[in-house]
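These protein sequences, in sequence, are chains A and B. Just so we're aligned: the first sequence equals residues 15 to 434 in our numbering. Just so we're aligned: the second sequence equals residues 61 to 288 in our numbering.
Derived by calculation from the structure, the hints in this document are not laboratory data. Even for Gly, the Cβ is constructed at its ideal location relative to N, Cα and C. It cannot be assumed that every hint is accurate.
Stated by the list, open to error - To list a few chain A residues with every Cβ distance to chain B over 10 Å, as calculated:
no.	residue
1	Asp107
2	Ile110
3	Arg249
4	Arg273
5	Gly278
6	Thr375
7	Glu401
What the hints assert, rightly or not - Lysine to aspartate or glutamate pairs mimicking DMTMM-like chemistry, simulated, CA-CA at most 25 Å apart:
no.	chain 1	residue 1	chain 2	residue 2
8	B	Lys262	A	Glu381
9	B	Lys95	A	Glu381
10	A	Lys77	A	Glu246
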Amino acid sequence: MDKDAPKRAARRRFLRAAGSAAAALAGGPALAGNLKNLPPNVPEWTRALGDGVAVRPYGKPSKHEAHVVRRDVQWLTASRESSVSFTPLHELDGIITPNGLCFERHHGGIAEIDPEDYRLIVHGLVERELIFTLADLKRFPRVNRIHFLECAANSGMEWRGAQLNGCQYTHGMVHCVEYTGVPLRVLLAEAGVKPNAKWLLAEGADSAAMSRSIPLAKAMDDCLVAYRMNGEMLRPEQGYPARLVVPGWEGNVWVKWLRRLKLGDEPWFAREETSKYTDLMADGKARQFTFVMDAKSVITSPSPQAPLRQKGFTVISGLAWSGRGKITRVDVSLDGGKNWREAKIDGLVLDKACVRFYAETEWTGGEMLLQSRAIDETGYVQPTKSELRKIRGVNSIYHNNGIQTWLVKPNGEVENVEVS
Amino acid sequence: MAAPQDEVWSVWLRSLLAALALFGLVTTALAADRKLGIGRTASPHEIAGWDIDVRPDGQGLPPGRGSVKEGEALYVGKCAACHGEFGESAGRWPQVAGGAGSLKSSDPVKTVGSYFAHLSTVIDYVRRAMPFGDAQSLTEDELYAVVAYTLFLNDIVDENFVLSRETFDRVKMPNAGGFHDDDRETAEKAFWNPQPCMTDCKPEVRITGRARVIDVTPDDKAIRRSVD
């Protein structure tokens with residue numbers, strides 16, 4: 015038997031689903047729905063009582079939004095325990111990602127930790143080796159910070175060319191959340207860092223015991239040990255009950271299910287900072303410790319999963335972020351990067367957080383080649399994909415922050431393309 | 061001229077403000093420098109059970125030893141189902157052997173032999189995460205044996221090799237010189253551009269690639285490797 019057959023079938027199913035969604039939406043104005051609910055008729059939900067309070071003790075989105083979910087691409091990985099699911103960016107607006115939609119990346123599945131049995135050990139080059147309970151962590155002075163988290167492999171499938179049709183798949187390994195937690199600096203001060211300590215090993219309690227080395231300067235700067243996201247306790251898949259927050263740096267160092275912090279005088283060269291999360295260049299050498307996520311942006315609507323349905327006034331909407339600081343400007347092009355104009359940033363502009371941008375246009379039904387270009391406060395300008403490839407080749411996998419192009423066709427359908 | 065009462069009032073106000081400022085300082089200092097007395101001392105026994113990391117300089121290597129020969133049976137029983145009898149991968153699981161000389165090619169194959177720079181990384185990783193689904197189940201001798209066998213599959217050691225703390229330094233990883241630190245700020249300096257082009261930035265715009273052709277290219281393996 016052809017052992018690749020199921021993979022190919024899965025891939026065809028995925029493509030069919032993506033294709034038919036686009037085609038159905040492109041057919042003109044939305045279908046009328048149920049006439050019984052439309053004026054002058056009085057719909058059912060107006061005549062009958064609905065569910066009372068506390069019938070839904072933990073509220074969920076409307077059943078009509080059931081399609082707004084994380085998705086994976088099953089043929090990408092051998093097992094779901096070491097895999098990724100993507101944030102449906104095309105269905106979201108503003109800058110905050112709802113907790114249940116934050117993309118997942120695990121190396122050994124989700125650790126289900128009993129908060130009573132949670133422990134964090136701080137040891138190595140410290141004056142006093144300490145062990146904390148979750149209740150201990152919550153007693154420390156705490157801060158609230160909004161930051162994006164992007165997986166270094168976000169857009170990794172696109173190095174060799176346009177591959178996946180949908181910003182959920184091309185850019186959905188990013189989310190932006192408000193964290194509550196202890197500044198790592200305060201936690202480490204409690205143990206007393208010895209002067210010869212230069213690096214910190216952070217280790218998870220999951221079945222991969224995921225570990226990464228972090229320079230002490232970063233740990234003492236803006237990192238947190240967080241236990242809340244968007245006000246509530248971390249979701250299990252985001253590291254409940256405590257994770258590291260490493261603002262602006264690749265998601266892999268934001269160790270989830272954090273169980274151990276060890277101070278040392280040199281890095282550990284863990285598997286996730288050598289075999290993975292190193293960037294292979296065209297000359298066969300690889301960059302290591304490429305922590306910072308460079309400025310990046312993507313138009314989330316319209317996009318392949320969010321086609322245009324109406325001619326006339328149209329708001330183009332997208333997200334931008336930079337690991338080097340604040341986003342200062344986002345430019346949008348409708349003609350594949352020949353001409354640019356400044357987009358409008360609406361809402362909060364924060365250090366190492368997502369911003370939401372809009373560009374308004376009058377869509378006449380002609381073809382458009384949409385692009386966005388982020389600029390951050392260090393003056394870094396998001397490069398084109400060919401500028402990136404010229405320096406890095408196409409084997410790098412990680413840190414693809416090249417400018418994305420969406421082709422909007424006259425029927426409103428949108429396709430992931432690359433341009434000269 | 062200010063009345064005496066005002067004078068008294070302002071002195072009082074000044075000292076109140078000073079007291080408040082002092083109070084403020086005290087609370088800040090409390091959070092930043094002083095020990096808060098939260099948590100308790102971790103015992104060496106508690107730490108030992110979780111302290112599993114191994115560094116390139118050998119720090120953290122456990123006691124024990126394991127030979128290529130002992131490793132073979134263990135590898136076949138505990139690893140080969142996923143990684144393949146020769147480390148070539150069974151199905152879509154990671155390949156752990158082979159790929160020598162492929163890093164510059166259009167199809168780089170990263171394995172213990174072709175890519176890993178440090179032996180400590182293999183020991184550290186297998187110790188913490190393998191076998192996948194039965195993590196931290198290997199004894200220290202088994203750990204050494206199975207890593208020794210993985211090295212053998214990569215032609216890094218011969219069939220008589222025994223891996224231990226003592227022999228650790230003798231192993232030369234083929235790609236040890238294959239890495240350099242992040243150099244984006246110099247190699248990619250051009251991306252810091254104070255005057256990005258706004259109008260007529262290129263003569264023509266051609267579509268050079270489309271996602272819709274994914275049906276024929278590329279093959280699944282290339283995509284899977286890309287997401288690792």
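Taken at face value, is the distance from the CA of Glu381 of chain A to the CA of Lys95 of chain B at most 25 Å?
Violated. Lys95 of chain B to Glu381 of chain A sits at ~63 Å, over the 25 Å cutoff.
Exercise for the section: Check the non-interface label on Ile110 of chain A: least C-beta distance to chain B beyond 10 Å or not. Expected result: The claim stands: Ile110 of chain A keeps its Cβ more than 10 Å from every Cβ of chain B (closest is about 26 Å).
Would you check whether the claim that Gly278 of chain A is not at the interface survives, using Cβ distances to chain B and the 10 Å cut-off? violated (7 Å)
- Item | chain B versus Thr375 of chain A - minimum CB to CB distance exceeding 10 Å, so not interface | holds (17 Å)
Margin query: Over 10 Å from every CB of chain B: does Arg249 of chain A meet that, or does the non-interface label fail?
Written below: Check passes; 22 Å lies beyond 10 Å.
If you draw a straight line from the CA of Lys262 of chain B to the CA of Glu381 of chain A, is it 25 Å or shorter? The hint holds at about 18 Å.
Find the nearest Cβ of chain B to the Cβ of Glu401 of chain A and say whether that gap is larger than 10 Å.
violated (7 Å)
Exercise for review: Taking the shortest Cβ-to-Cβ distance between Arg273 of chain A and chain B, state whether it exceeds 10 Å.
Suggested key: Contrary to the label, Arg273 of chain A does not stay out of reach of chain B, its closest Cβ about 7 Å off (not over 10 Å).
Please check whether the beta-carbon of Asp107 of chain A is more than 10 Å away from every beta-carbon in chain B.
Asp107 of chain A is indeed farther than 10 Å from all Cβ atoms of chain B, at 24 Å.
Next pair to validate is Lys77 of chain A with Glu246 of chain A; report whether the Cα-Cα distance is within 25 Å.
Holds, at roughly 23 Å.
Violated hints for the displayed structure, listed by number in ascending order: 4, 5, 7 and 9.
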